[in-house]
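With these hints in hand, go ahead and build the complete structure from the sequences.
Protein chains: 2
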Amino acid sequence: MSNVFKALADPTRRKVLELLKKKPMSAGDLAEHFAVTKPTMSAHFAVLAAADLIEADKQGRTIIYRLKLSVLEDALLQFTRAFGLQLTNGKHTTTSTKGKK
Amino acid sequence: MSNVFKALADPTRRKVLELLKKKPMSAGDLAEHFAVTKPTMSAHFAVLAAADLIEADKQGRTIIYRLKLSVLEDALLQFTRAFGLQLTNGKHTTTSTKGKK
DNA sequence: ACTTTATTTAGATAATTGGCTAATTATCTA
DNA sequence: TAGATAATTAGCCAATTATCTAAATAAAGT
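Heads up: the protein sequence lines correspond to chains P and H, in order. Quick note on the numbering used here: the first sequence kicks off at 60 and runs consecutively. Quick note on the numbering used here: the second sequence kicks off at 60 and runs consecutively.
Be careful, since some hints might not be right.
The list treats identical chains as interchangeable, and a pair is accepted whether it falls inside one copy or across any two copies.
[Stated by the list, open to error] Calculated lysine-lysine pairs in the PhoX-like style (CA-CA distance at most 25 angstroms, straight line):
1) Lys82 with Lys97
2) Lys97 with Lys80
3) Lys65 with Lys97
4) Lys127 with Lys65
To be clear, the hints were calculated from the coordinates, so they are not data collected in a lab.
Quick look at the structure:
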């Protein structure tokens, strides 16, 4: 769980996840979206992989990364449940009807 | 947003938030729940405050910390929306359970 | 076998983090 | 005002992180 949040605590890594949400991509193609070197990107991929948020699929000489969406969902869900958070995507729920204190 | 995730990336800080979810508490009372020194706890509070997740209310010589729940909710919501995540609290359409590797 | 391409690993450095003890600030009470 | 209490700030250290350049590995293509 800590690993997931640590992975999310960096804008580059969040952006990588967003890109992978659309479709799996190679390390090189991902790297082109950012202004850092490839070794740096490789390190970011390693952090994401350590959090189990992405998986690698080697095809020939390129490596295709794929988002493990369910892992991300599970981590967030587990956390929000521990807090009794609702996270309704609607207007902004005033934490249910009456007990608001 | 990065600050929020960074704050959440530490078990001690997540526990602090859980405690504050129940009710506001003083720095000292919070510190008693953990096996680190008070200065260390103070540093954790500073991280949480930097993420705007808690607010301090000084009463005499004690400081009462309070969870800013809506900030937490908004950050999570903003993130989940950027991913089109649903975070259904329901059953969970087993997208895995076997790919454990 | 050599060359090119894709990506990671190695090694260096600077910045950040998490922890400690000691010192300081602020407040209360006798 | 002196002493006690609550919490932070200051200063230090070890471990981790983020970044770079340069080198190594792996897979194709020639």
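Right, here's what the structure says about each hint:
1. Lys82 with Lys97: within (20 angstroms within a copy, 47 angstroms between copies)
2. Lys97 with Lys80: Within one copy only: 21 angstroms inside, 42 angstroms across.
3. Lys65 with Lys97: Cα proximity of Lys65 and Lys97: in one copy and across copies (21 angstroms, 24 angstroms).
4. Lys127 with Lys65: For Lys127 and Lys65, both the intra-copy (16 angstroms) and inter-copy (21 angstroms) Cα distances are at most 25 angstroms.
Comparing the model with each numbered hint stated earlier shows that all of them hold.
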